[in-house]
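Start from the sequences, fold in the hints, and give me the full structure.
Just so you know, the sequences run in chain order U and E. FYI, the working numbering numbers position 37 of the first sequence as 37, with every residue one higher than the one before it. FYI, the working numbering numbers position 264 of the second sequence as 264, with every residue one higher than the one before it.
Be a bit skeptical, because a hint or two may be false.
Said to hold, decoys possible - Result set (EDC-like, lysine to aspartate or glutamate): computed pairs, CA atoms no more than 16 Å apart in a straight line: (1) LYS210(E) / GLU181(E); (2) LYS131(E) / GLU103(U); (3) LYS52(E) / GLU68(U); (4) LYS3(U) / ASP19(U); (5) LYS131(E) / ASP77(U); (6) LYS222(E) / GLU141(E); (7) LYS143(E) / ASP225(E); (8) LYS222(E) / ASP246(E); (9) LYS301(E) / GLU39(U); (10) LYS257(E) / GLU20(U); (11) LYS257(E) / GLU39(U); (12) LYS89(U) / GLU20(U); (13) LYS234(E) / ASP77(U); (14) LYS131(E) / GLU141(E); (15) LYS299(E) / ASP276(E); (16) LYS316(E) / ASP276(E); (17) LYS131(E) / ASP37(U).
What the hints assert, rightly or not - Label pairs and their in silico Cβ distance ranges: (18) ASN31(U) / LYS301(E): 16 to 24 Å; (19) GLU17(U) / VAL112(E): 51 to 59 Å; (20) ALA13(U) / SER98(E): 46 to 54 Å; (21) ALA9(U) / LEU258(E): 48 to 56 Å.
Hint data in this document are derived by calculation from the structure and do not stem from the laboratory. Idealized CB from N, CA, C, for every residue including glycine.
As a plain string of letters, each chain reads:
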Amino acid sequence: MVKITFVDAGGQARTVEADEGSTVMEAAIRNDIPGIDAECGGACSCATCHVYVDEAFLDKLPKAEPMEEDMLDFAFDVRTNSRLSCQIKVSQAIEGIVVTTPEAQG
Amino acid sequence: MTDIIKTDAVIVGAGPVGLFAVFELGLLDIKAHLIDILPKAGGQCAELYPEKPIYDIPGFPMVTGQGLVDNLMKQIEPFSPTFHYGEMVEALESIGSSEAPMFRVRTDAGTVFETKTIIIAAGGGSFQPKKPPVPGIEAFENKSVFYAVRKMESFRGKRVLIVGGGDSALDWTLNLHPIAERITLMHRRDDFRAAPHSVNAMRELVAAGKMDLLLGQMTGLKGDDGELSAVTVKGNDGGVFDLACDRVMPFFGLTMKLGPIAEWGLNLNENLVPVDTEKFETNVPGIFAIGDINTYPGKLKLILSGFHEAALAAQKVNRYVYPDKKVVFQYTTSSTSLQKKLGVA
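Written as structure tokens, this is what we have:
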């Protein structure tokens, strides 16, 4: 199990555990984390699971594929640490990862 | 006043489950009209994941979203359903009784139906343009902020800001360029998903000084009474400034919203429509809900569940449409009467 901390737009933090091989989006949905809609169910087709990854963990993630970059065009207030949580695979390498959810997915 | 379309069944939503409902109704000699806000059939399968593989359709080890839709369209061809694309059901009024239901249905395009039954197969709701979470944007919508172009002429002589990097953004940049006083295209990065030839055409216009390309994001709107005067832009270089403009068109794709279904007098449970599991009927006799939009104990949001629900709902629709007809259960493998309907016997 890998620990993931979700921080909402108001600064409230919640830590959950996720299985290796699942995605950060799935962990959010399973734990009713507000701020993640995941309308398309993880097909990288909707950009409603947009999160900001804590700078300390950015280097531990593989770079976004072109498809993820394309989908980020549909998100709002995209920053250099923006990612789609359905594309972040849970592994020991990201143990303790902190992600912030935007105020709204639009 | 437009002519009223009289029919036995109106299906709201032309996704996989709505399409298969046509098949199940067709076997029972019930003709259907389908209404969908998208310009094509397939719902989420076609809009969100046309190229993505689906692995849990019985009998198909793998089929893509679009592949499944294409097959369903072929499967329902013998029943020649009528499609009403690009329309959203706006109003629904009951004009019958619970024993003999009848409904008047009106779409936002003004099409009016009188139907004995309604099958809601609306999935996650209707696809609507994503609205940027910019404070106060509602006041400008349909006055100076537009998510679609209804009349190109209304952009004549205006300073237009188009936001986005896909085909809609690029197409409207190129189409409105000769009409608008000045077009600015703004995108969050210097990479565009749109078709390469439109991107090239845009870059040529920029190089010739005929339009502007801006890398950044929209953070605020300024103006009075819904009329824009400027858009606050956060540039990719970190600078924040106001860009004077009269019209903004944000293109951030589509999102699903329940929409007017919420006002049809149906019981709702967290934006889902509760149904029984015998007929998949709502609290209003004659209105059914199948697929992702319904809820009941044990509900699984799977396409295959929606297919099952379509078959059972069709049986009850049959009772409303043909109250005196004797119900005979038949298989397509062996029944010549069903095979005739399918055009294979």
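Hints and how they fare:
Among the hinted pairs, LYS210(E) with GLU181(E) is consistent with the structure: their alpha-carbon atoms are about 10 Å apart, no more than 16 Å. The suggested pairing of LYS131(E) with GLU103(U) holds, with an alpha-carbon distance near 13 Å, which does not exceed 16 Å. Pair hint LYS52(E) plus GLU68(U) holds up; C-alpha atoms about 14 Å apart against a cutoff of 16 Å. Proximity of LYS3(U) to ASP19(U) is assessed by CA-CA distance (about 9 Å); at most 16 Å being required, the pair is judged to hold.
The straight-line distance between the Cα atoms of LYS131(E) and ASP77(U) is roughly 12 Å, inside the 16 Å bound, and the hint therefore holds. For the proposed pair LYS222(E) and GLU141(E), the alpha carbon gap of about 13 Å is at most 16 Å, so the pair holds. In summary, the hint linking LYS143(E) to ASP225(E) is supported, as the alpha carbons are separated by about 9 Å, within the 16 Å threshold. Among the hinted pairs, LYS222(E) with ASP246(E) is consistent with the structure: their alpha-carbon atoms are about 10 Å apart, no more than 16 Å.
Restraint check for LYS301(E) and GLU39(U): satisfied, since their Cα atoms lie roughly 12 Å apart, inside the 16 Å limit. Note on LYS257(E) and GLU20(U): the hinted pairing is violated, with a Cα-Cα distance of about 33 Å set against a maximum of 16 Å. Taking the CA atoms of LYS257(E) and GLU39(U), the gap is about 10 Å. The hint holds against a cut of 16 Å. The hinted pair formed by LYS89(U) and GLU20(U) meets the criterion: a straight-line CA distance of about 8 Å does not exceed 16 Å.
A distance of roughly 10 Å separates the Cα atoms of LYS234(E) and ASP77(U); the hinted pair therefore holds under the 16 Å criterion. With a C-alpha separation of about 10 Å, the suggested pairing of LYS131(E) with GLU141(E) holds against the 16 Å cut-off. For the given pair, LYS299(E) sits about 11 Å from ASP276(E) by alpha-carbon distance, which is consistent with the 16 Å threshold. A C-alpha spacing of about 12 Å is found between LYS316(E) and ASP276(E), which places the hinted pair at or below 16 Å, so the restraint holds.
Restraint check for LYS131(E) and ASP37(U): satisfied, since their Cα atoms lie roughly 15 Å apart, inside the 16 Å limit. Between ASN31(U) and LYS301(E) the beta carbons are some 18 Å apart, a value that agrees with the proposed interval 16 to 24 Å. For the pair GLU17(U) and VAL112(E), the beta carbons lie near 54 Å from each other, so the given range of 51 to 59 Å is met. Between ALA13(U) and SER98(E) the beta carbon distance is about 52 Å. The supplied range of 46 to 54 Å therefore holds.
Against the hinted window of 48 to 56 Å, the Cβ-Cβ separation of ALA9(U) and LEU258(E) comes to about 24 Å, which falls outside the hint.
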